[in-house]
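Model the full structure from these sequences, guided by the hints.
From first to last, the protein sequence lines are chains Z, Y, D, L, C and F. Reminder that position 30 of the first sequence reads as 30 in the numbering used here, one-by-one numbering, no gaps. Reminder that position 29 of the second sequence reads as 29 in the numbering used here, one-by-one numbering, no gaps. Reminder that position 19 of the third sequence reads as 19 in the numbering used here, one-by-one numbering, no gaps. Reminder that position 57 of the fourth sequence reads as 57 in the numbering used here, one-by-one numbering, no gaps. Reminder that position 11 of the fifth sequence reads as 11 in the numbering used here, one-by-one numbering, no gaps. Reminder that position 6 of the sixth sequence reads as 6 in the numbering used here, one-by-one numbering, no gaps.
None of these hints come from the bench; they were simulated from the model. Because the structure is a prediction, the values reported are computed rather than measured. Among the clues, some could well be false.
Identical chains share a label here; the pair holds if one copy fits it or two copies do between them.
Said to hold, decoys possible - Below, computed lysine to aspartate or glutamate pairings styled on EDC-like, alpha-carbon distance capped at 20 Å: (1) Lys2 to Glu69; (2) Lys2 to Asp45; (3) Lys18 to Glu28.
6 protein chains.
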Amino acid sequence: MKISARNILHGQVVALTKGATTAHVRLELPGGAVVTASITNEAVDELGLAVGQEASAVIKSSDVMIAVE
Amino acid sequence: MKISARNILHGQVVALTKGATTAHVRLELPGGAVVTASITNEAVDELGLAVGQEASAVIKSSDVMIAVE
Amino acid sequence: MKISARNILHGQVVALTKGATTAHVRLELPGGAVVTASITNEAVDELGLAVGQEASAVIKSSDVMIAVE
Amino acid sequence: MKISARNILHGQVVALTKGATTAHVRLELPGGAVVTASITNEAVDELGLAVGQEASAVIKSSDVMIAVE
Amino acid sequence: MKISARNILHGQVVALTKGATTAHVRLELPGGAVVTASITNEAVDELGLAVGQEASAVIKSSDVMIAVE
Amino acid sequence: MKISARNILHGQVVALTKGATTAHVRLELPGGAVVTASITNEAVDELGLAVGQEASAVIKSSDVMIAVE
Numbered sequence: 001m002k003i004s005a006r007n008i009l010h011g012q013v014v015a016l017t018k019g020a021t022t023a024h025v026r027l028e029l030p031g032g033a034v035v036t037a038s039i040t041n042e043a044v045d046e047l048g049l050a051v052g053q054e055a056s057a058v059i060k061s062s063d064v065m066i067a068v069e
Numbered sequence: 001m002k003i004s005a006r007n008i009l010h011g012q013v014v015a016l017t018k019g020a021t022t023a024h025v026r027l028e029l030p031g032g033a034v035v036t037a038s039i040t041n042e043a044v045d046e047l048g049l050a051v052g053q054e055a056s057a058v059i060k061s062s063d064v065m066i067a068v069e
Numbered sequence: 001m002k003i004s005a006r007n008i009l010h011g012q013v014v015a016l017t018k019g020a021t022t023a024h025v026r027l028e029l030p031g032g033a034v035v036t037a038s039i040t041n042e043a044v045d046e047l048g049l050a051v052g053q054e055a056s057a058v059i060k061s062s063d064v065m066i067a068v069e
Numbered sequence: 001m002k003i004s005a006r007n008i009l010h011g012q013v014v015a016l017t018k019g020a021t022t023a024h025v026r027l028e029l030p031g032g033a034v035v036t037a038s039i040t041n042e043a044v045d046e047l048g049l050a051v052g053q054e055a056s057a058v059i060k061s062s063d064v065m066i067a068v069e
Numbered sequence: 001m002k003i004s005a006r007n008i009l010h011g012q013v014v015a016l017t018k019g020a021t022t023a024h025v026r027l028e029l030p031g032g033a034v035v036t037a038s039i040t041n042e043a044v045d046e047l048g049l050a051v052g053q054e055a056s057a058v059i060k061s062s063d064v065m066i067a068v069e
Numbered sequence: 001m002k003i004s005a006r007n008i009l010h011g012q013v014v015a016l017t018k019g020a021t022t023a024h025v026r027l028e029l030p031g032g033a034v035v036t037a038s039i040t041n042e043a044v045d046e047l048g049l050a051v052g053q054e055a056s057a058v059i060k061s062s063d064v065m066i067a068v069e
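What follows is the structure, given as structure tokens:
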């Protein structure tokens, strides 16, 4: 599958917390930055996500803001 | 200003394209990944964005998906 | 690639309009409903999108609202 | 009320799960596709959502991505 | 139509700019705050939006971030 | 920090509910409108949010829809 989302950031799952319906997944990128995703518990199960696994953060460009100091 | 968005990725502006109302800004992260943001032309002007500048991509965790191969 | 997004709706591209930086793509689903996506021109080119093509609309569940009459 | 969101997909509620603050609502469209929405428990209560009910999924076109095989 | 979106802010259209495919609409709220929406030109036409008109900004709560000084 | 998001609405926290992973924060704007944000519990803690506090709702313009009666 190829997707229109402009941002596909490869990394490794470093933390995974399931809530009642929503889970938080943390991915560490090669440069050391950590990306947090808030996804459904169901998606965590279906993708078989686990700490230590390789995965990508996928982000539509219209969901990215820019900040400057 | 401190913001609730869980993802603040520092990088450098490597490309900037303005359309009629919407601009695309590309940021290179330290690890080499490139993040594309689709923001208003107005925001580009107000932040004084330019290629070469240090900036951050700010992304709410509920806008991040996870993909696996 | 498997993605955490809960909504992957298969259909056929029935219209495609490119703007200065942003394109609108319309997909007709089997039941007749039409889904409109606003994506970058760049994504349209990279995916080689064209009218008549099979494609899927991918939507994160946190971006779906519910309305009742 | 008329809304700017380009996507209003009519269907029937086929599942409804409430979490601590966030609920997942599943809507089956006429063509058989199922759409999952992640909304607040409060919205579920205010709209009086229940399995079997007619409802619509409302999605802003900037939240729709396109994927191809 | 009743919608699950938790934020429906009533105001008056004070500016309207159409781009190639995307328009920016500015709404002034009773307290003086101005809200900017980036919507499709098509939606502007279909809703018959014009400066001076009463309208509402509709925002899903998962798209709202919080910032503190 | 200056951010590209076009909407920064100043107000006061009037309610705060934490779920398992996701919290709902309500902000009252000067004109009396109330804005609800769905953010991570972690962000609530990190920002030290509490009822009575001054805070701002930050919303990207591409996440704002317009509705008319």
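Status of the hints after comparison with the structure:
1. Within a single copy, Lys2 and Glu69 get their C-alpha atoms only as close as 35 Å, which misses the 20 Å cut-off; across copies the closest is 6 Å, which meets it.
2. In this assembly of identical chains, the alpha carbons of Lys2 and Asp45 lie at most 20 Å apart only when taken from different copies (12 Å versus 22 Å within one copy).
3. With identical chains, the CA atoms of Lys18 and Glu28 are at most 20 Å apart within one copy only, with a shortest distance of 18 Å there and 26 Å across copies.
No hint from the list above goes unmet by this structure.
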